[in-house]
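Chemist: Going down the list, the sequences are from chains A, B, C and D. Quick note on the working numbering: the first sequence kicks off at 1 and runs consecutively. Quick note on the working numbering: the second sequence kicks off at 1 and runs consecutively. Quick note on the working numbering: the third sequence kicks off at 1 and runs consecutively. Quick note on the working numbering: the fourth sequence kicks off at 1 and runs consecutively.
FYI, nobody ran anything at the bench for these hints, they're computed from the structure. The model shown is predicted, which means the values in this text are computed figures rather than measured ones. Incorrect hints may appear among the rest.
Just so you know, same-sequence chains aren't split out, so a pair can sit in one copy or run between any two.
[Unchecked claim] Each computed DMTMM-like pair below joins lysine to aspartate or glutamate, with the alpha-carbon atoms no more than 25 Å apart:
hint: 1; residue 1: K63; residue 2: D133
hint: 2; residue 1: K65; residue 2: D114
hint: 3; residue 1: K119; residue 2: E59
hint: 4; residue 1: K65; residue 2: D47
hint: 5; residue 1: K63; residue 2: E93
hint: 6; residue 1: K119; residue 2: E39
Protein chains: 4
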Amino acid sequence: MISASTSINVRFAETDAMGVVYHANYLPWCECARIKLLESFGANYADMYTAGIHLPVVEECLKYKSPAKFGDSVTIVAQIRQKPFARIKVEYEIKVGERIAATGYTVHVFVNNDGHPIKPPRDFMEKLLSFFDGE
Amino acid sequence: MISASTSINVRFAETDAMGVVYHANYLPWCECARIKLLESFGANYADMYTAGIHLPVVEECLKYKSPAKFGDSVTIVAQIRQKPFARIKVEYEIKVGERIAATGYTVHVFVNNDGHPIKPPRDFMEKLLSFFDGE
Amino acid sequence: MISASTSINVRFAETDAMGVVYHANYLPWCECARIKLLESFGANYADMYTAGIHLPVVEECLKYKSPAKFGDSVTIVAQIRQKPFARIKVEYEIKVGERIAATGYTVHVFVNNDGHPIKPPRDFMEKLLSFFDGE
Amino acid sequence: MISASTSINVRFAETDAMGVVYHANYLPWCECARIKLLESFGANYADMYTAGIHLPVVEECLKYKSPAKFGDSVTIVAQIRQKPFARIKVEYEIKVGERIAATGYTVHVFVNNDGHPIKPPRDFMEKLLSFFDGE
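Using the sequences and the hints given, assemble the complete structure.
Modeler: Take a look at the structure:
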């Protein structure tokens, strides 16, 4: 299992006319936490992008428990709990203080610049799988 | 069962540096189709909003099958297939021509301006449930 | 002078916690009108993109006169009034019914895939300049 | 004169199919810097919002000098250089390292929950104007 967290101040731009954060705007927050998660085991999304290696989202799911609002600082914990293979599942918990705002996951595969599936980069998987030894 | 569809031209603003539509940007498209779906049985999101009745998303899930790109016209079909009660599940199929780009669903509950759950408005439910008679 | 207009239904996703459309969200609407404007003289943004020819925004300016809200249908008129050379200035008027919501402009230059300035494509400029003959 | 700065990591969600940050996405960054600017003289956007006092953007203008990309950390400096009265002008410089990405400004007025102009709150203006004494 591997875990990382990040804190984000809600932008007014992310709110909607119900006075809360619009549901789709939680996904870029998950992206921010996911970037930190990769950095925690020595991978870097931007370097991979430049090298023509991408990890697009092929599935995502979020459950909204309580709203985040302008003025809130949200903490997003991103975890990989299932041993990753060709597909990587990242799970998220988004909180405002102690209150859970949302939970969910994204699933990723590796593709090249043409969007075609490729084998996961060896060094990336070695670093990541070291957190799942013995499983 | 009730169904409606809408067509949307992909905005360059909705794309990302992988050259395709960013995953979160499919959700506002689902919103557009959802609005048309409500209109199809005589409900109106904007009138409900003004009346202090809201249908926030409490859960959403999308699977991305093939990318939508700038220059594409996407068709979104929104359906309510399960008989709705306090929770309403809307299912989506997003296509580029004949090609499926994404599928998924959103789940909604009724709340008031304070975000507190309320009973579904009677006239709204009468109109909607007329499509599920006999079930 | 050349002119085109497009109508857009405000998305809930485009609103903010003040109950109106967030200022930055007017710019994708200008993009939609700009795309129609190019189509009106036989150019196509998506085809140009595929051919590695881009018209990025190098300057933009908007003045907000009255708010657009969820439930509104906005009409955006895009015009090129100044004879274009290396830089193209597109001017916008965004209205809700008869009421002006915003006015402004964007300025564009031609670049290639590496972001380097290029000469405007000959056929594009011929078609566009035909609307400015005699100036 | 009053000044504040903030650093933001570019989100992949903010990029477009040209491989750079979409022009409209610089405006939420200006919002982040503006929030820090207000905090620097003891004002708080979120508290004002809760109290029914808003500072909407009535005019904005940005010039894009060089692109910001995924992987960049951008620094936004927000300044109020002109003595504020009913209208407040905030000026921005957005840099990637030493390189200027964009410059521009936003103009704000005070409104209440109904969007009607109101007099600037006394304590807000006292704190802000203390930085312009002698002008």
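Chemist: Please flag the earlier hints that this structure goes against, numbers listed from lowest up.
Modeler: Number 1 - this is the single hint that the structure violates.
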